[in-house]
Structures are given as C-alpha cells and as structure tokens.
Amino acid sequence: MLKRLIYSREGVLSIIVLAMFFGVGVISPDFISLSNSVSIFNDTSILIMLALGQMLVILTRCIDLSVAANVAFTGMFVAMVNQYFPELHMSLLIFLSLFIGALLGAINGLFVWLLKVPSIVITLGTMSIYRGATFLLSDGAWVNSHQMSESFIGLPRYEILSMPVLGWMAVAAIILFFWAMKFSVWGRNFYSAGGNPMAAFYSGVNVGKVQFYAFLVSGTLSGLCGYLWVSRFAVAYVDVANGFELQVIAACVIGGVSIVGGLGTVVGCVIGALFIGVVNNALPIIGVSPFWQMAISGLVIIIAVIANATSGKDKARIILRNPNANDEIRAN
Amino acid sequence: MDTTIKKSATPDSMFTSKLQGLLRWESFLVLIVFLVCVMNSYLSPYFLDPWNLSDATFNFTEKALIALPMAMLIIAKEIDISVAAIISLSSTLMGLVAQMGAPVYAVAFVGILAGAACGLFNGVLVTRFKIPSIVVTIGTMSLFRGISYILLGDQVVRDYPDGFEFFGQGYVYWVFSFELVLFAFFALVFYWLLHRTTFGRYTYAIGNNPTASYYSGIKVDKHRLILFTLVGVMSGVASILLTSRLGSTRPSIAMGWELSIITMVVLGGVSILGGSGSIAGVVLAVILMGLVTFGMGLLNIPGIVMTIIVGVMLITVVSLPVLITLYKNKKAKAL
Numbered sequence: 024m025l026k027r028l029i030y031s032r033e034g035v036l037s038i039i040v041l042a043m044f045f046g047v048g049v050i051s052p053d054f055i056s057l058s059n060s061v062s063i064f065n066d067t068s069i070l071i072m073l074a075l076g077q078m079l080v081i082l083t084r085c086i087d088l089s090v091a092a093n094v095a096f097t098g099m100f101v102a103m104v105n106q107y108f109p110e111l112h113m114s115l116l117i118f119l120s121l122f123i124g125a126l127l128g129a130i131n132g133l134f135v136w137l138l139k140v141p142s143i144v145i146t147l148g149t150m151s152i153y154r155g156a157t158f159l160l161s162d163g164a165w166v167n168s169h170q171m172s173e174s175f176i177g178l179p180r181y182e183i184l185s186m187p188v189l190g191w192m193a194v195a196a197i198i199l200f201f202w203a204m205k206f207s208v209w210g211r212n213f214y215s216a217g218g219n220p221m222a223a224f225y226s227g228v229n230v231g232k233v234q235f236y237a238f239l240v241s242g243t244l245s246g247l248c249g250y251l252w253v254s255r256f257a258v259a260y261v262d263v264a265n266g267f268e269l270q271v272i273a274a275c276v277i278g279g280v281s282i283v284g285g286l287g288t289v290v291g292c293v294i295g296a297l298f299i300g301v302v303n304n305a306l307p308i309i310g311v312s313p314f315w316q317m318a319i320s321g322l323v324i325i326i327a328v329i330a331n332a333t334s335g336k337d338k339a340r341i342i343l344r345n346p347n348a349n350d351e352i353r354a355n
Numbered sequence: 004m005d006t007t008i009k010k011s012a013t014p015d016s017m018f019t020s021k022l023q024g025l026l027r028w029e030s031f032l033v034l035i036v037f038l039v040c041v042m043n044s045y046l047s048p049y050f051l052d053p054w055n056l057s058d059a060t061f062n063f064t065e066k067a068l069i070a071l072p073m074a075m076l077i078i079a080k081e082i083d084i085s086v087a088a089i090i091s092l093s094s095t096l097m098g099l100v101a102q103m104g105a106p107v108y109a110v111a112f113v114g115i116l117a118g119a120a121c122g123l124f125n126g127v128l129v130t131r132f133k134i135p136s137i138v139v140t141i142g143t144m145s146l147f148r149g150i151s152y153i154l155l156g157d158q159v160v161r162d163y164p165d166g167f168e169f170f171g172q173g174y175v176y177w178v179f180s181f182e183l184v185l186f187a188f189f190a191l192v193f194y195w196l197l198h199r200t201t202f203g204r205y206t207y208a209i210g211n212n213p214t215a216s217y218y219s220g221i222k223v224d225k226h227r228l229i230l231f232t233l234v235g236v237m238s239g240v241a242s243i244l245l246t247s248r249l250g251s252t253r254p255s256i257a258m259g260w261e262l263s264i265i266t267m268v269v270l271g272g273v274s275i276l277g278g279s280g281s282i283a284g285v286v287l288a289v290i291l292m293g294l295v296t297f298g299m300g301l302l303n304i305p306g307i308v309m310t311i312i313v314g315v316m317l318i319t320v321v322s323l324p325v326l327i328t329l330y331k332n333k334k335a336k337a338l
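Protein chains in written order, with my numbering: chain A, 24 to 355; chain B, 4 to 338.
It should be emphasised that the hints constitute simulated quantities derived from the structure, not laboratory data.
Only a predicted model underlies this, so the values are computations on that prediction, with no experimental measurement involved.
Do not rely on the hints blindly, as some may be mistaken.
Claimed, not checked - Restraint ranges, calculated between C-beta atoms of paired labels, are given here: (1) Leu126(A) / Asp157(B): 51 to 59 Å; (2) Tyr181(A) / Val33(B): 17 to 25 Å; (3) Gln102(B) / Leu159(A): 37 to 45 Å; (4) Asn265(A) / Phe202(B): 37 to 45 Å; (5) Val33(B) / His112(A): 35 to 43 Å; (6) Leu38(B) / Ile326(A): 32 to 40 Å; (7) Ile38(A) / Phe202(B): 17 to 25 Å; (8) Ser174(A) / Glu29(B): 54 to 62 Å; (9) Gln102(B) / Gly310(A): 25 to 33 Å; (10) Arg27(B) / Trp165(A): 20 to 28 Å.
Claimed, not checked - Calculated pairs, BS3-like style, for lysine-lysine (alpha carbon to alpha carbon, straight line, at most 30 Å): (11) Lys225(B) / Lys336(B); (12) Lys205(A) / Lys139(A); (13) Lys26(A) / Lys334(B); (14) Lys232(A) / Lys336(B); (15) Lys26(A) / Lys225(B); (16) Lys205(A) / Lys232(A); (17) Lys232(A) / Lys334(B); (18) Lys133(B) / Lys205(A); (19) Lys232(A) / Lys222(B); (20) Lys139(A) / Lys333(B); (21) Lys133(B) / Lys26(A); (22) Lys232(A) / Lys139(A); (23) Lys139(A) / Lys331(B); (24) Lys232(A) / Lys225(B); (25) Lys26(A) / Lys205(A); (26) Lys331(B) / Lys205(A); (27) Lys225(B) / Lys333(B).
Claimed, not checked - Covered by chain A, according to a simulated footprint, are these stretches of chain B (three or more residues, beta-carbon under 8 Å): (28) 62-70; (29) 177-186; (30) 321-329.
No residue lacks a Cβ here, since even glycine has one placed at the ideal position from N, Cα and C.
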C-alpha cells in the first residue's frame with residue numbers, strides 16, 4: 024500500500040513538492056511556518072480551481088485556452104456592476120460571476136458539441152473575443168480598489184479558522200471534484216469519453232454532451248475565479264490574468280493529466296498546481312531574480328512532462344506497437 | 004457526407020463536382036479578399052494608395068513568414084506555440100552580438116542560428132520523448148522567453164550595426180519592401196516544398212495517418228524534426244526582420260504572436276487535425292488578415308477590437324463548412 028503510494032505519479036510529485044518546500048525551509052525557516060503554508064495555499068487557490076476545470080476539459084480530449092480571458096471578462100463585469108450598484112448583495116454578485124462564466128464556457132462547449140469543431144480553434148477564437156469584449160465593456164478603463172465596495176474586496180479575505188475564504192473555496196472545490204470524479208457516474212463519464220470515445224459512444228455516453236459539460240464547468244469556475252481575482256488584487260483591467268491559461272494547462276500537465284485525454288486525477292491536478300505555487304513563492308525567498316522565474320517555470324514544465332512520458336514506459340508495453348500510435352489522437 | 008457519395012452516380016454530378024471545385028476554400032478566400040478591398044476603398048480614400056498598401060504589408064509579413072512552415076507542421080499533425088518566444092530569444096541574442104560590435108551579416112546569422120537551435124530543441128523533445136507537441140511548446144515558450152529575460156532583464160538593446168535596418172525597413176524596388184519580396188520568395192519555396200516534392204507528400208501522409216506512414220517506411224520522427232527546425236529557422240528570419248524594423252530588442256517583443264500565426268494558418272484552410280491544407284490558402288489568409296487589419300486601422304479601430312474581429316473570423320471560418328454540411332444533410336433527409 025505504502026509502496027504503491029510512493030511509486031504513483033501523485034506520490035512522486037508530492038515528494039518533490041515537499042522536498043522543495045522543506046529545502047527552501049532550510050534556507051529560510053519562516054517559509055515552512057504554518058501561516059506561510061496557508062498563505063501559499065491561498066495564493067495558489069485560483070490556480071487550483073482553474074486547473075480542476077481545465078482537467079475535465081483535457082480529460083475529454085479538448086483544451087480550453089479561453090479561461091484567462093473568461094476570468095478577465097467576468098472579473099471586469101462584476102467589478103463594474105459593483106462600481107455602479109454598490110448596494111447589491113454579494114451573493115447576487117457571486118451568482119452573477121458564476122452565471123457569466125458558465126455562459127462563456129457554454130459558448131465554447133456548444134461549438135465543440137454541436138459543430139464538432141476542434142476545441143483548440145474555438146477557444147483560440149473566443150480567447151481573443153472575450154479579451155476584446157472586456158475592453159469594449161470597460162472602454163479600457165480600470166476599476167480601482169476605491170471604486171469597489173468594502174464587502175466586494177473583503178469577502179475572499181475574510182478568515183475562517185485562520186484561513187481566508189479564498190482558500191476554503193479551493194478546499195471545497197477539491198472535495199467536490201474528488202467526490203464527483205471518483206464516485207459519481209457524471210464524473211466517470213469524463214474519463215470514458217476521453218479514454219475511448221468510440222467505446223463510450225457504444226456504451227451510451229454522449230461524448231459531445233460530456234465535452235459540453237466539461238467546458239461549462241471550466242467556464243463556471245473561471246467566472247468565479249474572475250470575481251476572486253479582481254477582488255483579491257483589488258483592481259480590474261483588460262489585461263487581468265494575461266497568459267494565465269498556460270499556467271493552468273501546465274498545472275494539469277505537471278499533475279499527470281494526459282493531454283491526449285482520459286487520464287488524470289484530482290489529487291494530481293491539485294499537486295501540480297501546488298508545485299507551481301511553491302516554485303513561485305519560493306523563488307523570491309531564495310533570492311532568485313524575478314527575471315529567472317519564467318525560464319525556471321518553463322524548464323520545470325519540460326522536466327515534469329519528460330518524467331511523466333518516460334515513467335509509464337515499461338508498464339504494459341505492447342510488442343510491435345508503433346511508438347507514434349498516440350499521434351492519431353493528438354492535436355485535439 | 005455520405006449523401007455526396009451517393010449523388011456522384013447521378014448525371015448532374017459533373018456539374019456539382021465542377022461547382023465544388025469552384026467552391027474550394029481558396030476561391031472563397033479570393034472572393035473575401037476582393038470584397039474586403041472593395042469595402043476598404045469605399046470606406047477610406049487612402050486605401051488604394053500603393054505606398055499605403057505597401058506600408059500595410061509590414062504588419063503581417065513577419066508573421067506570415069512563420070505561418071508558412073507552421074502550415075506544414077500543422078498538416079503533419081503537430082503544432083508549435085513557442086514561435087513568438089523563439090523570436091524573442093533570437094532577437095535577444097542578436098542584440099547581444101550586435102552590442103559586441105559584430106557586422107550585419109554575423110548578427111543576421113546569429114538570429115537564424117538561434118531560431119534553428121530552438122526549433123531543433125522542440126523537435127528533439129517531441130520526437131525523442133514522445134510528448135505531444137502542444138505540451139512541449141507550452142514549456143519551451145516560457146523557457147525561451149525566460150532566457151531572454153535572464154539575458155536582458157529590463158534592458159533594451161538599440162545599437163545595431165549600420166545597414167541592419169535594411170532588413171525591416173528597406174525597399175528592393177519602388178514600393179516593394181525587402182520584407183514583402185522575401186515573403187513572396189519564401190511563399191514560392193514552401194509552395195514547391197509542400198506541393199511539388201516527396202517531402203511535402205510525406206507531410207500529408209504523416210498528418211493523415213502517422214502509423215500507416217511509419218509502416219510504409221517514412222521516417223516519421225526525422226520528418227517532424229526537420230519541420231520543427233524549419234519553423235525555428237523561419238522564426239529566426241522573422242526575428243531579424245522585426246528587430247530591424249523596430250530597431251530595438253526587448254524580451255517582451257512579439258508577445259502573443261503565436262495566436263495570430265495559428266489563426267492565419269487555420270483561416271487558410273489548414274485542418275488543425277492535420278492532413279489537409281495548402282500554401283495558397285495560407286498566403287490568401289495572410290493577405291486577408293493584413294487587409295482587414297489595415298482597413299480597420301484606417302478607420303481608427305483600436306487594436307484590441309481588431310482581435311475580436313479576427314476571433315470571430317476564425318470561428319466563423321471553421322464552423323461555416325460544418326454548418327453547410329449539416330444543412331445539406333438535413334435537406335437530403337427531407338427529400
């Protein structure tokens with residue numbers, strides 16, 4: 024049992040994350056204090072939630088490049104609603120962010136489901152459309168912290184058991200996803216739709232519909248994260264979360280979610296996101312200049328995927344199987 | 004789709020096949036390009052001025068140079084989203100070499116060499132470790148640009164040798180800029196490579212069925228490696244042009260270009276699933292996108308609104324054929 028745990032992808036990954044965490048702790052003991060650990064988790068919460076949504080999409084052999092643009096649009100939208108109607112209740116604003124996110128996700132999903140258009144093309148398009156729409160909405164202006172209401176900014180910061188609500192939201196999302204992906208038919212369908220679409224079709228799974236759900240969930244989470252992002256940084260502007268979609272995908276990939284679909288776990292995905300979170304938080308502490316950060320994260324992604332690609336090689340290798348057999352299902 | 008197969012037995016199939024030939028993607032693009040020209044010249048009196056048109060080519064030729072090999076790469080079922088980062092790294096290295104006082108040709112050579120090395124690196128990772136290219140290039144995208152940041156920080160390099168500005172600003176003859184002529188030249192080269200050589204045939208074969216190609220003796224991995232390197236080389240070339248045109252290098256150069264380049268390729272009728280597409284289509288898509296942006300620029304439409312229009316164009320263009328097929332099938336069923 025223990026052996027299996029250690030040799031699993033999640034096991035290896037968590038050992039690496041812990042090693043990094045405590046390694047930095049040797050240099051600066053404050054890094055491993057409880058309050059700092061909580062703040063690292065809190066910092067990574069948005070990435071975790073987006074990565075969970077992206078995982079569903081990647082499981083079904085699609086990819087969602089529009090998440091960051093969705094975050095920017097929804098964030099701007101709720102920030103502006105808050106700016107002009109500061110008396111609106113927060114629950115309404117959160118509902119609004121979920122709804123708009125879901126709507127934007129559904130647009131992606133409908134194209135993929137009904138028209139069977141490759142998701143990479145659709146989300147490439149909607150990515151620039153949503154980002155541009157954010158500009159049209161705000162006319163390029165910023166919504167600054169003094170234009171937002173107290174509760175709008177305060178909610179994700181409100182501490183329960185010395186962890187902010189933002190962190191608790193991520194915890195809730197992880198538990199919900201863990202349960203859904205492990206024990207509900209709805210969640211298992213994502214695996215079957217991506218693992219073998221033909222078999223899934225013949226066993227009565229509507230693959231297109233499952234893909235639509237994946238985009239819907241990814242969009243809904245992006246919408247929520249839009250509000251969280253804007254309120255956390257207390258500013259909304261057009262370039263919010265620019266390029267963040269790649270970090271989200273990287274978190275999934277590092278966490279062992281296979282880009283060709285059907286393979287990946289919630290735990291892996293979360294650890295993948297924490298991996299990025301720990302790296303990002305540790306670099307300034309060990310005195311690495313911010314200019315190195317990008318190259319290091321790129322290198323880390325490459326090493327992680329190489330490790331992933333080579334780790335499963337000796338298992339279940341069919342003789343005479345062409346090493347490129349996977350290619351037929353690639354490029355989705 | 005099967006309705007068209009059934010129909011081919013009927014006498015009017017001759018007509019339909021001819022019609023379908025006319026309705027090819029490229030002809031459709033020609034029509035749109037024509038319409039955009041008419042509309043633009045109607046909207047703005049400055050559109051048809053040859054010098055203005057020539058100026059307009061500058062904002063797409065650099066991307067277009069990369070779109071050509073990218074089309075071949077996508078036809079072979081791979082993708083490279085690190086191209087903009089390759090531009091940044093090549094430009095940075097050129098800047099550093101130029102600061103050391105290297106002559107023009109050495110600087111340009113370094114640019115191409117850096118691009119080729121980056122492309123080769125992508126290719127090795129994809130072929131050697133069997134990792135999907137989209138994942139590899141997401142990683143190398145931050146790696147390459149990250150190295151530029153390490154090397155330059157927040158510096159800007161401006162001291163390029165005399166004569167370097169010709170690549171991005173010079174004219175070969177009358178309104179024909181060096182960039183435009185170079186693009187025309189490479190368009191012909193890639194047309195020849197994709198449509199007239201075995202290398203091109205193999206590219207289609209690999210894109211249609213990698214396994215079958217492998218068993219019929221095509222060196223699939225070597226082929227991919229060459230294609231990735233080719234994309235890298237052309238990114239290096241584009242980097243020379245861009246650096247020379249801007250006259251400066253900074254790590255954030257060419258941010259977000261990968262998406263417009265892929266848009267050009269997809270707009271040109273290259274299937275993102277591999278196996279089909281043509282250079283002519285890509286060239287037309289490039290011209291179309293250039294004209295549309297130029298026209299919108301004349302109308303003072305902000306850049307970010309243009310990205311919306313490009314996004315809408317992209318989605319419409321890929322969903323239109325599907326919608327038409329669905330409509331046809333429905334009609335066939337009703338009969």
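Against the structure, the hints:
1. Taken as a hint, the range 51 to 59 Å is violated for the pair Leu126(A) and Asp157(B), whose Cβ atoms sit roughly 39 Å apart.
2. At roughly 60 Å, the beta-carbon separation of Tyr181(A) and Val33(B) lies outside the given 17 to 25 Å, and the hint is violated.
3. Between Gln102(B) and Leu159(A) the C-beta distance comes to about 42 Å, which sits within the given range of 37 to 45 Å.
4. For the pair Asn265(A) and Phe202(B), the beta carbons lie near 38 Å from each other, so the given range of 37 to 45 Å is met.
5. Separated by about 56 Å at the C-beta atoms, Val33(B) and His112(A) break the suggested range of 35 to 43 Å.
6. A beta carbon spacing of about 50 Å between Leu38(B) and Ile326(A) contradicts the range 32 to 40 Å that was offered as a hint.
7. Against the hinted window of 17 to 25 Å, the Cβ-Cβ separation of Ile38(A) and Phe202(B) comes to about 46 Å, which falls outside the hint.
8. The supplied range of 54 to 62 Å is met by Ser174(A) and Glu29(B), whose beta-carbon atoms lie about 57 Å from each other.
9. One distance hint, 25 to 33 Å for the beta-carbon pair Gln102(B) and Gly310(A), holds here, with the actual separation near 27 Å.
10. Taken as a hint, the range 20 to 28 Å is violated for the pair Arg27(B) and Trp165(A), whose Cβ atoms sit roughly 47 Å apart.
11. With a CA separation close to 47 Å, the supplied pair Lys225(B) and Lys336(B) exceeds the 30 Å bound.
12. A threshold of 30 Å between alpha carbons decides the hint, and for Lys205(A) with Lys139(A) the separation of about 28 Å falls inside it, so the pair holds.
13. For the suggested pair Lys26(A) and Lys334(B), the alpha carbons sit about 61 Å apart, so the restraint of at most 30 Å is broken.
14. Our distance criterion of 30 Å between C-alpha atoms is met by Lys232(A) and Lys336(B), whose separation comes to about 24 Å.
15. Between the alpha carbons of Lys26(A) and Lys225(B) the distance comes to roughly 39 Å, so the proposed pair goes past 30 Å and is violated.
16. Taking the CA atoms of Lys205(A) and Lys232(A), the gap is about 20 Å. The hint holds against a cut of 30 Å.
17. At roughly 25 Å between alpha-carbon atoms, Lys232(A) and Lys334(B) fall within 30 Å of each other, so this suggested pair holds.
18. Taking the CA atoms of Lys133(B) and Lys205(A), the gap is near 29 Å; set against the 30 Å cutoff, the hint holds.
19. Note on Lys232(A) and Lys222(B): the hinted pairing is violated, with a Cα-Cα distance of about 38 Å set against a maximum of 30 Å.
20. About 16 Å separates the Cα atoms of Lys139(A) and Lys333(B), which keeps this hinted pair within 30 Å; it holds.
21. A distance of roughly 28 Å separates the Cα atoms of Lys133(B) and Lys26(A); the hinted pair therefore holds under the 30 Å criterion.
22. Between Lys232(A) and Lys139(A) the CA atoms are separated by roughly 11 Å; this keeps the pair inside 30 Å, and the hint holds.
23. With a C-alpha separation of about 16 Å, the suggested pairing of Lys139(A) with Lys331(B) holds against the 30 Å cut-off.
24. The hinted pair formed by Lys232(A) and Lys225(B) fails the criterion: a straight-line CA distance of about 39 Å is larger than 30 Å.
25. Pair hint Lys26(A) plus Lys205(A) holds up; C-alpha atoms about 22 Å apart against a cutoff of 30 Å.
26. The straight-line distance between the Cα atoms of Lys331(B) and Lys205(A) is roughly 42 Å, outside the 30 Å bound, and the hint therefore fails.
27. Between the alpha carbons of Lys225(B) and Lys333(B) the distance comes to roughly 45 Å, so the proposed pair goes past 30 Å and is violated.
28. Here's how the segment 62-70 of chain B fares: 0 of its residues keep a CB closer than 8 Å to some CB of chain A, so the rule of at least three is not met and the hint is violated.
29. Residue count for the segment 177-186 of chain B with a Cβ under 8 Å from a Cβ of chain A: 0. That is fewer than the three needed, and the coverage hint is violated.
30. For the segment 321-329 of chain B, the stated coverage by chain A is satisfied: 5 residues place a CB nearer than 8 Å to a CB of that chain, which reaches the threshold of 3.
The structure fails to meet hints 1, 2, 5, 6, 7, 10, 11, 13, 15, 19, 24, 26, 27, 28, 29 from the earlier list, while all remaining hints are met.
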